[in-house]
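Using the sequences plus the hints, can you model the full thing?
There are 2 protein chains.
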Amino acid sequence: VIHKALISPRSIAVIGASENTAKPGGKVVINLLEGGFKGNIYAVNHKKAIIPGTIHIYGVHQLPEVDLAILAIPADQCIHQIEKLCEKGTRAFIVFSAGFGEAGPLGRERENKLRTILERYNANLLGPNCIGVINEFYKGVFTSPVPEFHPTGCELISSSGATAVFILEAAHNTGLKFSNIYSIGNAAHTGAEELLEYMDLEYEHGKSPGIKLLYLEDIRNPAKFLKHARSLACKGCRIAAIKSGYSEAGSRAASSHTGALATSDLLIRALFRKAGIVYCQGREDLISVACVWQTKPLKGNRLAIITHAGGSAVMITDMLTSRGMMVPPIDEEKGRHLLPHLHPGSAVNNPIDFLATGTADQLGRIIDFCEALENIDGMVVVFGSPGLFNVEDAYNVLHQKMLRCSKPIYPVLPSVVNAGQETMDFIARGHVHFPYEVSLGKALAMSHIDNRNACTETESIALNHAAIRAIIYESPDGWMSPDNSFRLLEAAGLKAASFVVCKSADALPAATENLKFPLAAKWHSTGHKSDFGGVHLNISTQSELVIAFNQIMEIPDCDAILIQEMHRGEELYCGAKKYPGYGHLILCGPGGIYVEILGDIAFGLAPVSETEARQMIRSLKTYPIIRGFRHKQGVNEDAYVEAIVRIAALTGIAPEIAELDINPFIANRDSVTVVDVRIRVER
Amino acid sequence: VIHKALISPRSIAVIGASENTAKPGGKVVINLLEGGFKGNIYAVNHKKAIIPGTIHIYGVHQLPEVDLAILAIPADQCIHQIEKLCEKGTRAFIVFSAGFGEAGPLGRERENKLRTILERYNANLLGPNCIGVINEFYKGVFTSPVPEFHPTGCELISSSGATAVFILEAAHNTGLKFSNIYSIGNAAHTGAEELLEYMDLEYEHGKSPGIKLLYLEDIRNPAKFLKHARSLACKGCRIAAIKSGYSEAGSRAASSHTGALATSDLLIRALFRKAGIVYCQGREDLISVACVWQTKPLKGNRLAIITHAGGSAVMITDMLTSRGMMVPPIDEEKGRHLLPHLHPGSAVNNPIDFLATGTADQLGRIIDFCEALENIDGMVVVFGSPGLFNVEDAYNVLHQKMLRCSKPIYPVLPSVVNAGQETMDFIARGHVHFPYEVSLGKALAMSHIDNRNACTETESIALNHAAIRAIIYESPDGWMSPDNSFRLLEAAGLKAASFVVCKSADALPAATENLKFPLAAKWHSTGHKSDFGGVHLNISTQSELVIAFNQIMEIPDCDAILIQEMHRGEELYCGAKKYPGYGHLILCGPGGIYVEILGDIAFGLAPVSETEARQMIRSLKTYPIIRGFRHKQGVNEDAYVEAIVRIAALTGIAPEIAELDINPFIANRDSVTVVDVRIRVER
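Heads up: the sequence lines are chains A and B, in that order. Note that the first sequence covers residues 77 to 759 in my numbering. Note that the second sequence covers residues 77 to 759 in my numbering.
It should be emphasised that the hints constitute simulated quantities derived from the structure, not laboratory data. Check each hint, because a few of them may be wrong.
Since the list gives no way to pick out one identical chain from another, each pair is judged satisfied if it fits inside one copy or across any two copies.
Unchecked claim - Derived lysine-lysine pairs resembling DSSO-like cross-links, with alpha carbons at most 27 Å apart:
no., residue 1, residue 2
1, 189, 164
2, 592, 571
3, 708, 653
4, 653, 697
5, 708, 697
Everything numeric in this text was worked out from a predicted model, so none of it was measured.
Given below as structure tokens:
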């Protein structure tokens, strides 16, 4: 739990305070003072450091009880000082110092000791290896810039202090507003999970900040992260995040940076999708998406592009429409009413181009026109200056219209040189602006996500719990035998092709009595059977079956044959893979050899709801094979959806499943039937 | 041909010159004067406009002979004035005015008239609807900013004047240098093609600018464009371009903007690839790529990431490695020699992280270290400031090292607020800088293209020219009959499955005497035969053949059956499609139903060399099917390469081919055999 002392301390001690503002212990005091902190600031330094506005203290032993201690001293001194402060009643700490978990075995040991002390005293810690906190109550950072506090501005959580600084710098001239900023550093005690939990529990609609931005190098508790991110998303919050270190080389970097471990990018994308978080690749994306959200909510994906510069309009239209957004044509009849108010040659078919000589008054008319159009959800206004005339009047109109219109307006003000001052004046009135049309287009498409999924509890599906647990109980670690694997799937409610396992040719006629030809005969093994001639298909008579049986039996180590009814249809795939902390990632796509080659795979974190499974299937490139196309019939999509939901639910009941691959299902109009499966158990 | 008068005029007349610098006719005069134009400037205006430094003239009739006339008067007056100027000997014009081709039928008529006059007098025109020219000799634009002329700076050609301005504004603080800037507007007479031709013909190695940036809404003469872009690429130039208006809605915008027509994005990408041009989506990309090129040449794809801010290093590493660049680990033994010079806890395994407290001296040592490493081709240096200390000394080191190192160094200076002034001082020394690490990563990957292809003439392949022309000669417009289509492919040297066409069941035995079972029987038609039951496969006896024959003959309109030997193997696809002006786009990929569904298609413009065909094939996601994978044999790749080369060559000999679809080839270890083809002829 996050203590009030960390958020709104009544008093702060800076351990290692300095008169030298080029040192963290000096700069943080300046920031606290300039940030108007209301309580006492104790400047702790064994030399006499005179900092007006603070109370000088020679050592921690002389301190009265303080709410929060900020440590700007070498790592090797931190533990002792924190222990002493804990004894004196301090329960909130910020440690700037590096030299902990990120710095080899010695540092890790140091970090563990620190954690032990904090746990013993039930104290909070932000850091170590962080730049601190900025919020309504205090500016506890040793860096600049320190953005002004806006109650509804973005909240920022960053694994990296420098990255937090660079985000704030890049956002500086965009008009993006901030509220609370948390640099978590190594997150020895307080991570993004705990901060999201705090934000979730404290959330008050209309009062709490609605936009969260995250830069993360590690997610240690994905379940907690997911729970609170989802909950915030359902309360109406918008979250955008960078999770860096997804590449092999990138994770080498991250691991030396904050000690993070490599995580598959796919897994992170699945986690973010489930949590309703927009996945960003860099600071540019993060800031652009946040700027989009800082305007009024965009209720659909249909945009009007209003411009006096054609090229920008063409480029943003290309970007928007290639990413699922729409720039719908405007009704000709309606357009005819607008045209007389514009210069001859203007275009009103969307993009609306009112030419280089277009006036502020015309801009106003066009915005009003679009505000009234039923097939438009938002407007992009591109207005720059060739350096000939002043754009102040146009930006005034834009300002007025942005206040009054119910639809969001996204201003692209590309004239960072010719209209630099006017642009600054414009954002000083509380707006964001976008210098690049294409970046805005991308951000609009990225940020326009549907969070209804995140807010729907996954309905539970009833599986035969007892039967599943019984099979798992009797399965040792490693690959499950094919017959047990099929039994497990049947217990989970999946339809598998009828089969028998047979060990001698003599027993064949009796064993296969109830199976219908054509049959398949397969080596009863968990390996890639077909690589060794262990699979015979399309067996249509008993005598063919005997021949196949005997041939397969010749494979060394082969002592049993699985004989299975054959089904006709398309090959589909479904798999599950366990990731500690994340649970199971469920995968689906076309089956057979195409799983590996095409990479046409959709994925989601278990549990998977019917809606999620359907979205997964429909996101496949090869979905037409499932839906049917031209004169070719599709397959039973509902059955495939159900199979995916059941497999995801199975991994919930049997978390011992480390890997599960159904390849293929045979799918046709009637059903989806498992014909081959491999399951690996790991406890 | 571009006249010298347009490039380096001895005298300039501004028609519609004005004292009002908020008007194009006023601002251009100021720009000419401030740009230090050496010749006479005639300010033509029927009112007495006193502009110091210019010679006032009441009307064109009073002008002496001038080299270049710049028109800043309404569109409807331009034609008359240009005609008068032509009579007086002027051969170069720049027309700022809008109201021509982009402005409906009247404007188009006006533009045609203009073109007629220019052609009659063999005069040059830039525009109309443009902002003019900036070069070494004069600054003939009515906009700002006017970048300083650098002989080796980028050349910029832009369809859109405003976009040119916005590009210059966005480049303003990056350190990117410019030489010649051409705004072509509607390109009524001089387009990007003519300017590239001019640059190509005038190119002098080491003297001429090496980087070309293009913003295009239309490519009217793709062949000419390709010829000169390729030629420039072979001379060592680097070209990056945006071709906007690729989406349906985007082209609606472009068409109302400069009258451009929609062009498939695929086609543009194929054209750019063949020309060695880097395809950019927006101004951000264009500028970042140009900034990368403005540093020393990067000779490989292996980068060292040097940073004092871990997060940035992780993010750029992710971006680089996910796009084909490498951040190779650094030899541990070598790293051990560097470590003692860095702060404890620094990482030297690449990224090289020398911590937030890293010094300028350490930065210098690390750069020298990387300069000496064999497995590193270039360095990214991330250096910002948390606002604690001055970064001037670090930027000084960076400056020195960038001058001295043989490897390129890409500086990411993210502290646009904390180190804004130092960053400006740094670029004032002639460097570029990158504010965003992820954008740099993307630009490095985009810009690192291999232009050797563009410089190799496509070797010609000998096809049976006479036979091909004979078949085309006898084929009317429309779909070719299957037997003619097969004959055409055979004339082009492709291997097709043996077949006969048969009209009666009685003739079957004799007709199929030389064919080997199994056979396929197909309705001899150009439609989707299988949709109507018009295809029977795996026929293994004469009696089965007769049954199949009679069944297919029952299809209404069916009067002949094609009987063909069957082949076993993988289905592959190859197609060609004619685009007027561009020639033929050649496509290849997996065949059968997958062509449509997977979209796993590679493409190139004809003619296609063996190298290009191989690159196309290897860029396919499904290439493992061709190469072979696991225990599955691949197919004869060389034969597929040859088939693609031959089809491309065929379209050169038979340009009447509008569409050609071979779907499928049957490919196996031995050969690649055509089993179905459709060809449409259009004259």
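Cross-check of the supplied hints:
| no. | hint | verdict |
| --- | --- | --- |
| 1 | 189 - 164 | within (19 Å within a copy, 91 Å between copies) |
| 2 | 592 - 571 | within (16 Å within a copy, 43 Å between copies) |
| 3 | 708 - 653 | between (33 Å within a copy, 26 Å between copies) |
| 4 | 653 - 697 | both (22 Å within a copy, 24 Å between copies) |
| 5 | 708 - 697 | both (16 Å within a copy, 24 Å between copies) |
Comparing the model with each numbered hint stated earlier shows that all of them hold.
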